[in-house]
Amino acid sequence: MTAASDYVVIDRVAKTYNPGSRQQVDAVTATSFSVKAGEFVTLLGPSGCGKSTLLMMVAGLDTPSTGTINVAGQPMAAPRAETGIMFQDPTLLPWKSALENVLFPFRAMNRPVAPFEGRAAQLLDQVGLAGFHDHKPRQLSGGMRQRVAICRALVYEPDLLLMDEPFSALDAITRDEMNLVLMKMWHDHRRTALFVTHSIREAVFLSDRVLVMSPRPGRVVEDVAIPFDRPRTLEIGETAEFNRICAHLRNRISH
Amino acid sequence: MAGRLSNSLTLRRTVPPLATALLLIGLWETMSRSGLVSPRLLPAPTLVWDTLQRSFGILLEQAVPTLTGALAGILLAAASGILLGIAVTLSRTAMQAIYPTIVFFQLIPKVALAPVFLIWFGTGMTANILFSVFIAFFPVLVATITGLDAAPDNYERLCRSLGMSRWRSLLAVRLPFALPHIFSGLRIGVTFAVIGVVLGEFITAQIGLGYIILFSANNFETALLLAAIVLLCGVGILLFAAFVALEWLVMRFYDSCVL
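Chains P and B supply the protein sequences, listed in that same order. Numbering follows the UniProt record's numbering, in which position 144 of the first sequence is assigned residue number 144; successive positions increment by one, without gaps. Numbering follows the UniProt record's numbering, in which position 123 of the second sequence is assigned residue number 123; successive positions increment by one, without gaps.
Derived by calculation from the structure, the hints in this document are not laboratory data. All C-beta atoms in this analysis are idealised placements derived from N, C-alpha and C, irrespective of residue type, glycine included. Heads up, none of these hints are tricks.
On the chain P side, residues computed to face chain B include the following (Cβ under 10 Å):
| # | residue |
| --- | --- |
| 1 | 56 |
| 2 | 79 |
| 3 | 88 |
| 4 | 108 |
| 5 | 109 |
Looking at chain B on its own, in the form it has when it is part of the complex (with noise of 0.2 Å):
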């Protein structure tokens, strides 16, 4: 009975999602076969299956460089982001100096900057990092900012008390009632990242699915432009799901155990 229950559940759960996407690509491709759309602009979805098992091989070659850039602008700016958060929450001189500036650097259209970074750092993958780095950084930090601020007055008047010293009570308590702020701003980081890699590959035009998806639509190739989006959709996937499970880790072991 109840394993019927919650397999209607699963159902119920699968199925409406799936039918809607099975409905739109079956509607792209009578439209795309019919000639109302022509197939040059849009080419077919089963064309552009086609298109990316033949060029399968080149296609992962150039999703390495964005996913290895889109991981290591994550953990670098999860690492900076939370940092500062963490000193920029210690220090009230620290937050009068500084924050005033990053809400400055935020209001950037960040976007605007990517070809500074190319003047600055060249056209190798340092330049798509580093831009990666700068638009997922925020998202982390101000996270962190929030999330240190998240426990009641009263567990801070508690840890004092109890005669804790600041950096215990701020890895004993502060921490973690922030993780799960932390968390969601390392999800939005890592869209964030992932759009940073491809934004600096379409503008240093070297390597990645970026310059790909460049290169394609130069040359109207158009079915090898969305077989690229394709796999770009799973390097994101991929990096989204590891930080879903790395909180899923992280959050029980502070459920288990420590300090």
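Pulled out of the complex, with its shape left as it was, chain P reads as follows (with noise of 0.2 Å):
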């Protein structure tokens, strides 16, 4: 059923809080899809809809209540080391300079930090930070907050990058900005990528499928390919078929 090259494999999935309680909350309901390895797929639904829940899932730092989720061939039991992981906020360490914080995955895993030092300062340079290497996180804005954090979930090389509204409060142009930063960076170092957004037209740029979320109890209620070739600017937004895309999406989420 599952084919070699699907690299996230979600199984009949639920998730329950407080089963049995008053305060029971079906957060998703048994819901399945896979991510083939190197593709960019993205979870769209409605706020509430337990999208994050499914992506905290992926990420081991939750545990589905019914079936399994595998993850390069092995069943999910802990957070691996070989995923990266970004947040709607940067999670910088404010104590810590830009190229610091780059470097941090090293220091929380105990490995030696110098030999990845050219390595996270080359990210730094590649998401346009190059001369904020020594800067502090209060000293830098939103947006080039949430490039560091793209360089940190990239250093240790993961080969799967699962996002959490990284650009949901950031405002509208350098979301943009963003969407093209993450476009950059996922192009040039191809990683299988799991997003997750309520931002209909972002979702489309950035992905080959958009997978749909119904409201709470959440479960995939379309799966949608997405056509245009790559490396996609910013004028793509403006044709028809983007915005025929976008309405038919914005369709399935109110039904």
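Assemble the dimeric complex from its two separately framed chains, guided by the hints.
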């Protein structure tokens, strides 16, 4: 049933919080989908539909109530060292420089840092932060901080990149910029990516496939392939096809 | 230009409070000298100053046990408060077992327990120091618990996703986030520690500036009493300044390196 190239396989996963109690919440109801190696897939849905819960389960930070999650052929039990993660907030350490923040995963994993300083610096240059390596997060703008967070998620060369609405706190112009930065980084580093957003245009711009989720309890109700060639530019947002796909997705979310 | 600007800023910051203080002291002096207030009740500042100079040797000698007592008190309170705060944060069971008791103890008017310390630990420095610890401990503990909970949830997720142990993430992430809280708890704790020692000295009545204050009040030596209070303020300011300096050093240390 699942192809060999499926990298992330979600099989009839459901999540219920506080089962049996009055506060019982069915966050995700039995849902299945898979992500191929090297594919960029977005979970799109209204807020509170359980898409972040699903992402946290793929990260191994939460466990499904029923069903199984396989990543790289292994059932998920605990967080894997080969997964990079981004949150809605940059989650940088305020007392560390941008470069030290990018290097933080090595410190966390108890690995020597020196051999990776060059790579960390190079990543910062790639996201347009040359000259800001020694700046503290408070000296950077919101968009710049999320750029540092992208570098931190990529620096240890994970094979899977999980992103939980990473740009939703940014203004529209910065968000467009960040989408381009993320596209470029994903193109250069080619990881399997699972992205969560409630922005339809962002989902269409970034993804190979968009999975539409129903309101809570969430499940995947439609799987839409996005046909645009890569590398993409912001101009594809003006095309009729882009807007047709967006309209279709909007329609699916509200029904 | 910039120098003149910062100069005028310094002037604007220092002149008004100094002027207020001088005005109050001047008012006090005239009230006492004119006989409006009896000098026995409120001796003039110049008289207090004279007494301070004349009795400086004795006062300084008695300031030493007060200073060392308060220092020992806040250091022990800091160590126990921070360690217990960490333990309580790390273990949900410890939190449930200990926290209600802690809150209960905090609600007791602690001054009421000072005589109990006299019964338990005698009239020596030990009772004063332990009472000081008892009073200064709670603000440090509560600040530590609040501070260790200050890092937003995603930091905990980040640490777990990177496979960090609880201890490591505590040291590398949660503790630095907690430091500003812990230090504000310590700043309150320092003033509490001085109060604790002085209260202990009131009750044990053997040594220290607290004892001098009690003694001179009993003998109606108001000038000596006020001189002792001046020195006590000095003790408080010294300890407070030491902790502000420590905070600056620790924050700089975390800002520049580690983990």
